[in-house]
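Asker: Sequence:
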Amino acid sequence: MPLLHKIAGVVIVCAVVLGLTLPGDRKGRDRADAAKRAGAESAAAPTAQAAKAGGTPAPGATGASGSAAPSVSASAPIPAAAPGAVAVKADELGQVPVLMYHRIMKKPELSLDRSTKELYDELTGLAKDGYYPITAAEFFGGRVGVPAGKHPVVLTFDDSTPGHFGLDAQGNPAPDTAVAIIEQVARENPGFRPVATFYLNKEMFGMDDAQAATGLRWLQQHGFEIGNHTVTHPSLSGLSEKGVHKEIGDMEDRIVRLTGAHTTTFAYPFGAVPKKKAWAEKEDGRYSFQGAFLAGWRPSLSPFDDDFDRWAVDRVRSEGKIKENDCKKYCSTAWLEYLDKNPDERYTSDGDPNTITFPKAAEDRLAKEYRARARVY
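Counting in my numbering, the sequence shown runs from 1236 upward without gaps.
Each hint should be verified, as a subset may be incorrect.
Stated by the list, open to error - DSBU-like, lysine-lysine: derived pairs with alpha carbons at most 30 Å apart:
| id | residue 1 | residue 2 |
| --- | --- | --- |
| 1 | 1324 | 1564 |
| 2 | 1477 | 1517 |
| 3 | 1563 | 1341 |
| 4 | 1558 | 1352 |
| 5 | 1342 | 1363 |
| 6 | 1595 | 1324 |
| 7 | 1352 | 1603 |
| 8 | 1564 | 1385 |
| 9 | 1481 | 1352 |
| 10 | 1342 | 1558 |
| 11 | 1563 | 1576 |
| 12 | 1437 | 1385 |
| 13 | 1510 | 1481 |
| 14 | 1517 | 1385 |
| 15 | 1481 | 1437 |
| 16 | 1556 | 1576 |
| 17 | 1341 | 1481 |
| 18 | 1603 | 1511 |
| 19 | 1558 | 1363 |
| 20 | 1595 | 1363 |
| 21 | 1510 | 1477 |
| 22 | 1342 | 1352 |
| 23 | 1556 | 1341 |
| 24 | 1477 | 1341 |
| 25 | 1511 | 1477 |
| 26 | 1517 | 1324 |
| 27 | 1352 | 1385 |
| 28 | 1603 | 1363 |
| 29 | 1385 | 1324 |
| 30 | 1324 | 1558 |
| 31 | 1352 | 1563 |
Hint data in this document are derived by calculation from the structure and do not stem from the laboratory. Computed from a predicted structure; not experimentally measured.
Using the sequences and the hints given, assemble the complete structure.
Answerer: Right, dumping it as structure tokens:
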């Protein structure tokens, strides 16, 4: 294993020892500790670029979800849930798996790589288990338009490597790329929505600017989201304010030049947060995000949970239950198995994007700005 991967593994294991909780333990989710959780990304992973699907607010626009209803008195009774929501045991304060992928290859070479078969198998399993993909922008914006009884999942791909996306001579997704596999799984499993979010560095999928402009437009037109992941994939924790702005802003400038649209969401390289999170959140006139992802190691809280911190959202590395980096407990196979065995901890949709349904026992976890949309049973 390359030295940098070993170092990343040591950092991750230390993070687990110092702060990561076992599945189902909410006490370890203190927001003040979120930025300390080490990322699963490898410094040796190829860098790439960032972009976003249309409809993104311009820099300087609010980063709030825009979907929260006017506040109501905390003492006002919450209306009863619709019968259909009760029937599917809706719980929209449950956990949401945000899966993190790096290189997709026929034959993996590095510890963070996933094979095309592994990706296909994992996505097929998600479809069979009732998961419904949404984009990162939809997740941060509280626009969780998921059919009743199904569970949102956010598919994120870091570093915009060639295995993520490309177009063949006919203008279709190149075979064995992540996009082609996502679309194949959707065809084979009606109701599985073919969307994902790609976090880009400067070498966008190995394309030149002309190819990238065409490719990014294709992604936008087909419902995929593109997000900012910096120009050169540095650890932002060691950069000055100027350095952070340059890495993110220069990437954003290139994306806007190629697509005409700003990105909505951001993923910290290595999961490393700058000295001041505000530096990564916004720079007037250049970028303004709705939220940012870390790099591991557990499902995210619901965006409607009072403890949800949109600037330090957890993700889960896609991996089997292997010993390395404690994946037996903290990678995708382990977590998805856990949520399947503990459905009361998983986000289950009520089917109505205008309401937020949950068991009455969870009422104290609801963020007050969403109380007007709440329904209980």
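Asker: Taking the hints in turn, state whether each one holds.
Answerer: Results for each hint:
| no. | hint | verdict |
| --- | --- | --- |
| 1 | 1324 / 1564 | holds (26 Å) |
| 2 | 1477 / 1517 | holds (12 Å) |
| 3 | 1563 / 1341 | holds (23 Å) |
| 4 | 1558 / 1352 | holds (21 Å) |
| 5 | 1342 / 1363 | holds (25 Å) |
| 6 | 1595 / 1324 | holds (12 Å) |
| 7 | 1352 / 1603 | violated (43 Å) |
| 8 | 1564 / 1385 | holds (24 Å) |
| 9 | 1481 / 1352 | violated (38 Å) |
| 10 | 1342 / 1558 | holds (20 Å) |
| 11 | 1563 / 1576 | holds (16 Å) |
| 12 | 1437 / 1385 | violated (36 Å) |
| 13 | 1510 / 1481 | holds (15 Å) |
| 14 | 1517 / 1385 | violated (34 Å) |
| 15 | 1481 / 1437 | holds (13 Å) |
| 16 | 1556 / 1576 | holds (16 Å) |
| 17 | 1341 / 1481 | violated (35 Å) |
| 18 | 1603 / 1511 | holds (26 Å) |
| 19 | 1558 / 1363 | holds (26 Å) |
| 20 | 1595 / 1363 | holds (29 Å) |
| 21 | 1510 / 1477 | holds (12 Å) |
| 22 | 1342 / 1352 | holds (9 Å) |
| 23 | 1556 / 1341 | holds (20 Å) |
| 24 | 1477 / 1341 | violated (40 Å) |
| 25 | 1511 / 1477 | holds (12 Å) |
| 26 | 1517 / 1324 | violated (38 Å) |
| 27 | 1352 / 1385 | holds (24 Å) |
| 28 | 1603 / 1363 | violated (34 Å) |
| 29 | 1385 / 1324 | holds (10 Å) |
| 30 | 1324 / 1558 | violated (35 Å) |
| 31 | 1352 / 1563 | holds (20 Å) |
Of the hints listed earlier, those the structure fails to meet are numbers 7, 9, 12, 14, 17, 24, 26, 28, 30, in rising order.
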